[in-house]
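From first to last, the protein sequence lines stand for chains D and E. Just so you know, the numbering used here puts 220 at position 220 of the first sequence, and the rest follows in order with no gaps. Just so you know, the numbering used here puts 184 at position 184 of the second sequence, and the rest follows in order with no gaps.
Hints may contain errors.
Treat identical chains as interchangeable: a pair holds within one or across any two.
Stated by the list, open to error - For lysine-lysine, the following DSS-like pairs were computed, each having C-alpha atoms within a straight-line distance of at most 30 angstroms:
(1) Lys-295 x Lys-52
(2) Lys-52 x Lys-190
(3) Lys-294 x Lys-280
(4) Lys-172 x Lys-59
(5) Lys-215 x Lys-295
(6) Lys-280 x Lys-295
(7) Lys-280 x Lys-59
(8) Lys-294 x Lys-52
(9) Lys-190 x Lys-215
Keep in mind that the hints were calculated from the coordinates and are not lab data.
Number of protein chains: 2
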Amino acid sequence: MKNLLVAFLVILFTLSCNPTTTQEDMTATAPTVRPDYVLVIHGGAGAMSRDKMSAEDEKAYRAGLQQALDAGKAILANGGTSMDAIEATIHILEDSPLFNAGRGSVLTNAGTIEMDASFMDGATLNAGAVAGIKTIRHPVSAARLVMTESPHVMLSGQGAEDYAVANGLEVKDTSYFHTDRRLRQLNRAKSKEETASLDWEESKYGTVGAVALDKHGNLAAATSTGGMTNKRYGRVGDVPIIGAGTYANNATCAVSCTGHGEYFIRNVVAHSISALMEYKGLSLAEAGDEIVMKKLVAQEGSGGLIAVDHQGNIAMPFNSAGMFRGFVKSDGETGVAIYRD
Amino acid sequence: MKNLLVAFLVILFTLSCNPTTTQEDMTATAPTVRPDYVLVIHGGAGAMSRDKMSAEDEKAYRAGLQQALDAGKAILANGGTSMDAIEATIHILEDSPLFNAGRGSVLTNAGTIEMDASFMDGATLNAGAVAGIKTIRHPVSAARLVMTESPHVMLSGQGAEDYAVANGLEVKDTSYFHTDRRLRQLNRAKSKEETASLDWEESKYGTVGAVALDKHGNLAAATSTGGMTNKRYGRVGDVPIIGAGTYANNATCAVSCTGHGEYFIRNVVAHSISALMEYKGLSLAEAGDEIVMKKLVAQEGSGGLIAVDHQGNIAMPFNSAGMFRGFVKSDGETGVAIYRD
Chain D
1 MKNLLVAFLV
11 ILFTLSCNPT
21 TTQEDMTATA
31 PTVRPDYVLV
41 IHGGAGAMSR
51 DKMSAEDEKA
61 YRAGLQQALD
71 AGKAILANGG
81 TSMDAIEATI
91 HILEDSPLFN
101 AGRGSVLTNA
111 GTIEMDASFM
121 DGATLNAGAV
131 AGIKTIRHPV
141 SAARLVMTES
151 PHVMLSGQGA
161 EDYAVANGLE
171 VKDTSYFHTD
181 RRLRQLNRAK
191 SKEETASLDW
201 EESKYGTVGA
211 VALDKHGNLA
221 AATSTGGMTN
231 KRYGRVGDVP
241 IIGAGTYANN
251 ATCAVSCTGH
261 GEYFIRNVVA
271 HSISALMEYK
281 GLSLAEAGDE
291 IVMKKLVAQE
301 GSGGLIAVDH
311 QGNIAMPFNS
321 AGMFRGFVKS
331 DGETGVAIYR
341 D
Chain E
1 MKNLLVAFLV
11 ILFTLSCNPT
21 TTQEDMTATA
31 PTVRPDYVLV
41 IHGGAGAMSR
51 DKMSAEDEKA
61 YRAGLQQALD
71 AGKAILANGG
81 TSMDAIEATI
91 HILEDSPLFN
101 AGRGSVLTNA
111 GTIEMDASFM
121 DGATLNAGAV
131 AGIKTIRHPV
141 SAARLVMTES
151 PHVMLSGQGA
161 EDYAVANGLE
171 VKDTSYFHTD
181 RRLRQLNRAK
191 SKEETASLDW
201 EESKYGTVGA
211 VALDKHGNLA
221 AATSTGGMTN
231 KRYGRVGDVP
241 IIGAGTYANN
251 ATCAVSCTGH
261 GEYFIRNVVA
271 HSISALMEYK
281 GLSLAEAGDE
291 IVMKKLVAQE
301 GSGGLIAVDH
311 QGNIAMPFNS
321 AGMFRGFVKS
331 DGETGVAIYR
341 D
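Bound-form chain D, shown alone:
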C-alpha cells in the first residue's frame, strides 16, 4: 500500500515535470545571470565554402566582422543602448565594400543601387523601414530615422530618399556605392550562366544585420541590404518587412534574417521565432531550429538568422553552406565564423 502511494507520487511528480516545450523550459535553459550585454551580427548567408574562398578573402571578411563587433561592443560596454550599438555595428558593415549593404551593394538589372533597411526597438515595438533608397550612405540610419522621427513605419522609393535627405542624413554620390566586383557579378548574372558556375559570391544572399541586448534589458534588431543582383521591377525582399527580415520584442527576442527573401516573407520568419517563444514556450534555440532547419528546409528556402533573447541566449541557425557571423558577450565569450564547422 505504502509502495503504491510512493509510486503514485513519483508518477505525479514526473508528470508535473514533463519536459515538453513549456514556458518553464525557456527560463530553465537560460543562464542564471543575464549577461550585461550581448551583440550578434551577420554579413549574409550563402554557398560559401573553404574550397571556393581564397585565404585572403576569408581574412578580409573575418576582419570586417570583427571590426563591426568591436564598434558595437564599445558602446554596450560603456552602458550604451542596444539601438546605438546595432546602428554603429551596421555602419561598419555598410561602409565595407565586402558586404552587400551600403557601399558595395549589388546592382539592379538597370545597373543602379536600390537599398533596403529596417530597425526595431524591442522595448516599445516601434519600428522603421526604408525600401529602394539610392544615395544615403547609411540606410540603417534612415530606417531608424523613420522609426523615431516620422509617424510611419515604412517609406519607399524617392519619398524615403527625400525624407532622409530632408532630415540631414549623409548623402553620397552614386559612384561611392559602386564597386567593380558588383558590376562583374551583374554582367555574369545577365549572361545567364548556370548557377553552378557562379562563384560563391553570386549565390550568396547578401544582407547585414545586428541584434543586441543591453544592460537595461532592452533588445533591438536591424537589417540592411542592397538586395538581389540583377533585380527588376522594384523587387522588395524581406529586409524592410517588419516581421519577416527583422523583429524585436523585449518579451521574447530580437531577430535579423538573411537568405532568399521571398521565403522569409511568406513564412514571416522573424516574428515566427518570437511567436514560438511567446505562444508555445519554445527556447530561442528550439524556435530557430523549428523555422530555419525544418520549415524553411522543407520549402527549400535557403538562409539563416541571428537572434538574442531577453535572457541573453543567442542563436545563429542557417541552412545554407555558410553564414558570415559573429557575437560578443559581456562575460568575454566571443567569436567570428563563416562555415558550418
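Based on these hints, arrange chain E on the given structure of chain D.
What follows is chain E alone, placed relative to chain D:
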C-alpha cells in the same frame, strides 16, 4: 487497494484532459461540419456612426458590400476557388468610388494616387504584393499576378506598374481613379482642421479586403487600398506587408486587416492571429479578441480585421466605432453591417 488504483487512474485521466489552451479547444469550438464555403469582406474601419452618416450614404455602402459578397458567393457556390472568389469580390469594391481602393482611392499630399494590395494562398503560402501603383484598374489582380507569375513576393513603385502592364493588366488613365470627394478630403486635411471637425470619412482607415474558405478546404486572403489621405514620402502601410495586413494558411486561418497601418505592422497582426491558433491553441475568436481588443487597444491602435478559419468559423473584431463588413456561408447565413450594434 483497488479504490486507490481507481483514484489514481481518475487523477491521471483528469491531468491528461486538463482544459488549458490546447489545440483540442480550437476543434472543440468548431462546427461539427465544415461549411462548403465561407466568404467574409470588409470595406474599411473608422469613426462611422449613425449620427454622422446620412441614410443615403448608408444605403449605398450596404449595397456596395452586398454586391461584392454576391460576386464572390457566385464563384464559391459553383465550386470555384477561394482565390477566384476574393479577387472577384475585391474587383467590385475597387471599382466602386465609395471605398478607398482602386477607383475612389484617397489622394497623396501631391494630389496623386498610390495604391497598395496583397494576396495570399493558404494552400501553398505563396503570396504577392504591390506598393505604390498608379494606373492599374485592379491592384488586387496585380498582387495575385506577382504571386503566380513572378519569382518575387513584393514589387514596388514604377517597377510594379511596369510588371503589371507588361503582363496585360487593365490600365486606366489617372482621371479614372480620381473623385471630387477625395479632392475635398485632401484639401480639408491640408488645411489642418482639427480631427474632431472632420467628418467620419476623414477619420476612416480606408481599405477593402476579403477572405474565403472554398469547398476544397483552401483558404485565401487579399487586401487593397489607396492608403492614407495626404500621405507623403512614399509611405507604405500594412496592406502590402504579408503578415501585417494579410495572411492565409490552410493550417489555421485567412486574415485581412483594416486600420491605422503602422500599428498593424508593428504588431504583425495578421500573422499573430494565425500564430495564436497554431502555437497557443486559441480559437479564431479568442485570437482576434486578444490582438484587436486587447493588444491594439492598449496601444491605441485603431482598426479591425476579418478572418475565417479552416473549419469555417468567422471573426470580424474591430475596436473603432464602425467597420464596413459582410459575410456569407454556404448554409445560407449572411449579413452586412457597419456599426458596432
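Quiz prompt | 30 angstroms Cα threshold - placement of Lys-295 relative to Lys-280 | solution = both (16 angstroms within a copy, 18 angstroms between copies)
Self-check item: Intra- versus inter-subunit Cα pairing at 30 angstroms for Lys-190 with Lys-215
Solution: neither (48 angstroms within a copy, 44 angstroms between copies)
Quiz item: Is it within, between, both, or neither for Lys-215 and Lys-295, if the alpha carbons may be no more than 30 angstroms apart?
Solution: So Lys-215 and Lys-295 pass the 30 angstroms test across copies only (27 angstroms; inside, 33 angstroms).
Quiz item: How do Lys-294 and Lys-280 come out at 30 angstroms by Cα distance, when the copy is not named: within, between, both, or neither?
Solution: both (16 angstroms within a copy, 19 angstroms between copies)
Practice problem: At 30 angstroms max between alpha carbons, let me know whether Lys-295 reaches Lys-52 within a copy, between copies, both or neither. | Solution: Classified as within: same-chain Cα gap 28 angstroms, cross-chain 49 angstroms, threshold 30 angstroms.
Exercise. Evaluate Lys-280 and Lys-59 at a C-alpha cut-off of 30 angstroms and name the case that applies: within, between, both or neither.
Key: Neither: 41 angstroms inside a chain and 46 angstroms across chains, both beyond 30 angstroms.
Exercise. Please work out whether the CA atoms of Lys-52 and Lys-190 approach to 30 angstroms or closer within one copy, between two copies, in both situations, or in neither?
Key: Result: close within a single copy only, 22 angstroms intra versus 58 angstroms inter.
Exercise. Can you give me the call for Lys-172 and Lys-59, within, between, both or neither, at a CA distance of at most 30 angstroms?
Key: The answer is within: 28 angstroms in one copy meets 30 angstroms, while 55 angstroms across copies does not.
Quiz item: For Lys-294 vs Lys-52, is the C-alpha pair at or below 30 angstroms within one copy, between two copies, both, or neither?
Solution: within (27 angstroms within a copy, 52 angstroms between copies)
In this structure, the earlier hints numbered 7, 9 are contradicted, and the remaining ones agree with it.
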